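Undergrad: Residues per chain are reported as follows:
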Amino acid sequence: MGCDDVKRVLYFFLDGALGDKKSRSVNDHLNLCPDCERRSRLHQQLRAFVRRRLAAVPASDKFKVRLTRTLRVFRVE
Amino acid sequence: MSLTTGEMMKTAVANDHEQGWDFEKAAMPYVDSLYNTAYRMTRNSEDAEDLVQETYLKAYKYYDKFEEGTNFKAWLFKIMKNTFINNYRKKKLTPHKIDFSEIEESYERVIQKNAPDLIKDPESDIFQDMMDADVKRALDSLPHDYKMVVLLADIEGFSYKEIAEILDCPVGTVMSRLYRGRKMLERTLLEYARKYGYIRGGAEPAKMRSRKDEAKPRKKKDDETEETEAAEPEENEEEILFAAADEEEETEEFEFEEEEEEEFELE
Numbered sequence: 001m002g003c004d005d006v007k008r009v010l011y012f013f014l015d016g017a018l019g020d021k022k023s024r025s026v027n028d029h030l031n032l033c034p035d036c037e038r039r040s041r042l043h044q045q046l047r048a049f050v051r052r053r054l055a056a057v058p059a060s061d062k063f064k065v066r067l068t069r070t071l072r073v074f075r076v077e
Numbered sequence: 001m002s003l004t005t006g007e008m009m010k011t012a013v014a015n016d017h018e019q020g021w022d023f024e025k026a027a028m029p030y031v032d033s034l035y036n037t038a039y040r041m042t043r044n045s046e047d048a049e050d051l052v053q054e055t056y057l058k059a060y061k062y063y064d065k066f067e068e069g070t071n072f073k074a075w076l077f078k079i080m081k082n083t084f085i086n087n088y089r090k091k092k093l094t095p096h097k098i099d100f101s102e103i104e105e106s107y108e109r110v111i112q113k114n115a116p117d118l119i120k121d122p123e124s125d126i127f128q129d130m131m132d133a134d135v136k137r138a139l140d141s142l143p144h145d146y147k148m149v150v151l152l153a154d155i156e157g158f159s160y161k162e163i164a165e166i167l168d169c170p171v172g173t174v175m176s177r178l179y180r181g182r183k184m185l186e187r188t189l190l191e192y193a194r195k196y197g198y199i200r201g202g203a204e205p206a207k208m209r210s211r212k213d214e215a216k217p218r219k220k221k222d223d224e225t226e227e228t229e230a231a232e233p234e235e236n237e238e239e240i241l242f243a244a245a246d247e248e249e250e251t252e253e254f255e256f257e258e259e260e261e262e263e264f265e266l267e
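First to last, the protein sequences are chains A and B.
Taking the numbering used here, the leading residue of the first sequence gets 1, the next gets one more, and so forth.
Taking the numbering used here, the leading residue of the second sequence gets 1, the next gets one more, and so forth.
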């Protein structure tokens with residue numbers, strides 16, 4: 001597997017979506033190629049960063065109360 | 001939906017309709033997840049609340065259609081997605097062309113440019129200083145369909161198959177959008193990081209500007225832009241960047257240069 005092949009499936013590899021055989025070849029490549037290994041770490045780092053920053057908008061308690069109330073009214077109708 | 005006092009009173013004497021309780025128990029734990037995604041889709045809390053509420057009311061109405069044993073969270077997201085499309089995307093705007101080979105190339109360029117910094121200390125969190133407003137702007141710069149896939153996969157943790165179900169599209173499309181969406185998002189974040197000096201030190205004033213942006217949402221300026229800000233080339237450059245982002249925001253439908261479906265060999 002060459003660098004270009006690895007780049008194409010790297011996200012899917014990191015998601016654990018590749019088949020065993022392919023996953024192993026990507027892994028082998030990453031152990032030998034510092035460029036791809038660095039890219040892989042960058043993907044992971046950015047993913048973790050995005051997850052941390054974009055998961056932080058919970059609904060307000062006020063809204064939750066309103067929603068629960070609305071659902072109960074709806075149920076009566 | 002607004003409630004009258006009479007309706008409120010009815011809640012007080014709420015009944016014991018079993019299905020309702022079941023639904024409430026099953027659905028309420030997902031309200032934060034749905035709200036977060038709704039907020040990213042509609043970009044404001046009021047619309048997000050309306051969208052979530054409408055989703056819950058619909059879901060309750062069709063609760064008997066939900067197949068026991070299938071993924072309830074994914075089912076709620078699917079209803080929300082459909083509601084969003086019906087309510088917010090009715091007006092189709094002129095398609096915007098995206099050149100994916102250009103994205104691929106510019107991604108590589110950005111990676112190359114930043115490589116020295118990343119090599120230096122790959123373990124450090126080079127993005128930790130980035131403003132939330134920048135992260136939000138980077139996400140909002142993605143075409144809607146790509147943004148959705150990235151949110152569902154990377155924030156909500158849905159599998160490819162679940163996303164395909166929520167969005168009513170083949171798994172191949174999910175993968176292709178994920179591949180491109182993540183690339184576009186990474187590229188934008190790396191560009192911001194570089195531009196505002198989060199990667200290379202010494203660009204302190206840039207952060208100050210970001211703070212200002214956060215307090216007051218950027219509006220696209222027309223002819224005044226050049227005159228008022230030409231004196232400061234740095235600022236002017238930024239203005240152009242955001243003007244371009246604003247333009248994209250107004251465009252909801254995208255047209256692709258390449259075929260949307262790309263084959264990825266997993267086995």
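No lab work stands behind these hints, which were simulated from the structure alone.
Keep in mind that this is a model prediction, so the values were computed, not measured.
C-beta: ideal position from N, C-alpha, C; glycine also.
It is possible that part of the hints are untrue.
[Claimed, not checked] Label-pair ranges, simulated between beta-carbon atoms: (1) 66(A) with 101(B): 24 to 34 angstroms; (2) 33(A) with 47(B): 13 to 23 angstroms; (3) 62(A) with 168(B): 31 to 41 angstroms; (4) 265(B) with 60(A): 19 to 29 angstroms; (5) 32(A) with 29(B): 39 to 49 angstroms.
Undergrad: Of all the hints numbered above, which does this structure not satisfy? Sort the numbers upward.
TA: Numbers 1, 2, 4 - these are the hints that the structure violates, sorted from lowest upward.
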